[in-house]
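Novice: Below, each chain spelled out in residue letters.
Number of protein chains: 2
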Amino acid sequence: MPTIGIYSTVEELAQGVLRGEVRAIARAITLVESRSEARLELLERLFPHTGHAFKVGITGAPGAGKSTLTYQLIPHFKAQGYRVGVLAVDPTSPFSGGAILGDRVRFDETLDGVYIRSLASRGSIGGLSRGVPPAIRVLEAAGFNLILIETVGAGQLQVDVRFVADTVILVLVPESGDVIQAMKAGIIEIADIYVVNKADREGASRMRIDLRNALELGGKPKGWNPPILLTEAIHGKGIDELAKFIHEHKQYQQQSGDWDKRRLQQIDWELRSLIHDALEQQARNVASQLFSPSALQNVLQRTENPYPILRAWLASQPN
Amino acid sequence: MPTIGIYSTVEELAQGVLRGEVRAIARAITLVESRSEARLELLERLFPHTGHAFKVGITGAPGAGKSTLTYQLIPHFKAQGYRVGVLAVDPTSPFSGGAILGDRVRFDETLDGVYIRSLASRGSIGGLSRGVPPAIRVLEAAGFNLILIETVGAGQLQVDVRFVADTVILVLVPESGDVIQAMKAGIIEIADIYVVNKADREGASRMRIDLRNALELGGKPKGWNPPILLTEAIHGKGIDELAKFIHEHKQYQQQSGDWDKRRLQQIDWELRSLIHDALEQQARNVASQLFSPSALQNVLQRTENPYPILRAWLASQPN
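Taken in sequence, the protein lines are chains V and R. Using my numbering, the first residue of the first sequence is number 1, and each one after it goes up by one. Using my numbering, the first residue of the second sequence is number 1, and each one after it goes up by one.
Chain V extracted, bound-state conformation:
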């Protein structure tokens, strides 16, 4: 198992993760992102030590300021005693290799003790890397209890962050197009907290009003009423308030019973995505078995009709 590196068995790797060794965490995440069968062995071993972290999803278009917000939130969570991990699924995120806040170095005081990992967005369902749920389990087993998940997306594709995060923050900027467009794209209803970042720019207050109106189109929500905050992440403005609302949302969920309901959905999604993953590999295999390169040529020339072949295959499948 080359992905395990210096750890000669899955058990040794698991031990390293449980001791919180950075090298073991890195190897373990690489393993669970892969399709190696050993990943399930590792997850089985780590499972009893997982499930306890508070997971905060931060989503929005590239350039909305998600990374800066994430960066600014970290000291708040540290001050509350959390051990913080960051998973960046956005390929344009500074956490995935660029510079945060301009020229600051990568390992400054804020980031000290924070484990940061970027995940491939390839092989994703709905824009969310399938590596996210197992990577969360690895971080939990290593003792991280607050995990920030930064994801980029557009339209429906952002929706899936709900299935991994306990609290979802949608970051908008005044320029990001009007609220009506966002509604049509189905991204309006997904968040627990809305942030209009770069609030010094024109149109921020207007956007907040439009957003509030849009959210209340169907009447005032029962239960949690998502706040809409104005921030200027680059100057640290509005971050205290955001951290406060994140904490309140957690408390609200725990008191209302939403916490368990949502976590049940998360587990369901995680297991389904593992099954989906296995079946996707099968799809590749089935396709190349059903259609050889020369058969594909014939389909291209229309001398072979592919649909009877597909129908026969489908008929041979369970239900």
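Rather than coming from a laboratory, the hints here were simulated on the basis of the structure. Honestly, I wouldn't trust all of these hints.
One copy or two, either will do: identical chains are not told apart, so a pair holds if it fits within one copy or between any two.
Pairs of lysine to any residue residues, derived as SDA-like cross-links and limited to a Cα-Cα distance of at most 25 Å, are as follows [claimed, not checked]:
1. LYS237 - GLU175
2. LYS261 - ALA283
3. LYS244 - HIS49
4. LYS250 - GLN301
5. LYS261 - ALA287
6. LYS261 - GLN289
7. LYS250 - SER316
8. LYS78 - LEU217
9. LYS222 - SER292
10. LYS250 - ARG302
11. LYS244 - ASP268
For this one, chain V is given, so just place chain R on it according to the hints.
Specialist: Below, chain R without anything else, positioned relative to chain V:
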């Protein structure tokens, strides 16, 4: 088969499509978007009459002006004798229900004879609705020979439009973030033609230069060298040139042999996505068979470890 409507058999529906009846086309696309087994019957029947259309993909972020460009291109294609169909996968596209170019009515002269259909982006692979390839076949069978496919996407998710379109146009706007970000997101290499729309805004020329530099980082391309055009779609500026380059790209592909190579990839992708689709339905069934609601509760309480169950299921699967 309720989705067939007034057509009592698949054969009747197919006949209606082949006669170009708008009502039959609408029913047929609804059917092929569905998971009904009858969709493969219909596709089998239509298959001999398909494969001839020139398919142009127009992709970019919401608000970049894709719909306006599409709208402006239509008269050019009509003048060249094409019968034009439009498939809009962007949920924010005016073609999906809003108003094109402000207040113009939906069925104006430009759109006369043009078949427009919006497709759900749900159930998508990589942001591309799986309904696209079969909907293309329906339009081809109905006699449309130029199909414009408008898709929204971010990052990797835009890439899949390559697998349905012969020519891909990526629409950027000067504000859409810098070229470096787009490169990181992997969207730079996908297009055959680049359009910097809203070129009257600041930064358009600069963006063109940056884009050219980015594209030539790995040396000048062999073969087709993607042009970068400046347009102001809303004023019709630059559309002639764009139409000219679309035509040139088609000719280039036909002369170079890229045409067939690319169409082979398209067929491969279409067949794989149909197989994938069937397997995905199975994933849902498998998940609920493996994990009952009470088993999920136990997983949530960590009294049941789900991974041994998944491993056993995987071991029971073909390869």
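Novice: How would you classify LYS250 and ARG302 at a CA-CA limit of 25 Å: within, between, both, or neither?
Specialist: Intra 58 Å, inter 21 Å, cutoff 25 Å: inter-copy only.
Novice: Check LYS78 against LEU217 for me: Cα-Cα at most 25 Å, and say if that holds within a copy, between copies, both or neither.
Specialist: neither (38 Å within a copy, 42 Å between copies)
Novice: Reference check for the pair LYS244 and ASP268, CA-CA at most 25 Å: within, between, both, or neither?
Specialist: neither (29 Å within a copy, 51 Å between copies)
Novice: Can you tell me if LYS250 and SER316 fall within 25 Å by alpha carbon in one copy, between copies, both or neither?
Specialist: neither (48 Å within a copy, 40 Å between copies)
Novice: How would you label the pair LYS237, GLU175 (within, between, both, or neither) given a Cα cut-off of 25 Å?
Specialist: Both ways: LYS237 and GLU175 sit 19 Å apart in one copy and 24 Å across, limit 25 Å.
Novice: How would you classify LYS261 and ALA283 at a CA-CA limit of 25 Å: within, between, both, or neither?
Specialist: This pair counts as between: shortest inter-copy Cα distance 22 Å, intra-copy 32 Å.
Novice: Indicate which option fits the pair LYS222, SER292 if close means a Cα-Cα distance not exceeding 25 Å: within, between, both or neither.
Specialist: neither (56 Å within a copy, 29 Å between copies)
Novice: With 25 Å as the alpha-carbon cut-off, assign the pair LYS261 and ALA287 to within, between, both or neither.
Specialist: between (38 Å within a copy, 18 Å between copies)
Novice: If the cut is 25 Å between Cα atoms, do LYS261 and GLN289 qualify within a copy, between copies, both or neither?
Specialist: between (42 Å within a copy, 20 Å between copies)
Novice: Tell me, please, which holds for LYS244 and HIS49 at an alpha-carbon limit of 25 Å: within, between, both or neither?
Specialist: Neither way: LYS244 and HIS49 sit 28 Å apart in one copy and 62 Å across, limit 25 Å.
Novice: At most 25 Å between CA atoms: does that hold for LYS250 and GLN301 within a copy, between copies, both, or neither?
Specialist: For LYS250 and GLN301, only the inter-copy Cα distance (19 Å) is at most 25 Å; the intra-copy one is 59 Å.
Consistency note: the structure conflicts with the earlier hints numbered 3, 7, 8, 9, 11.
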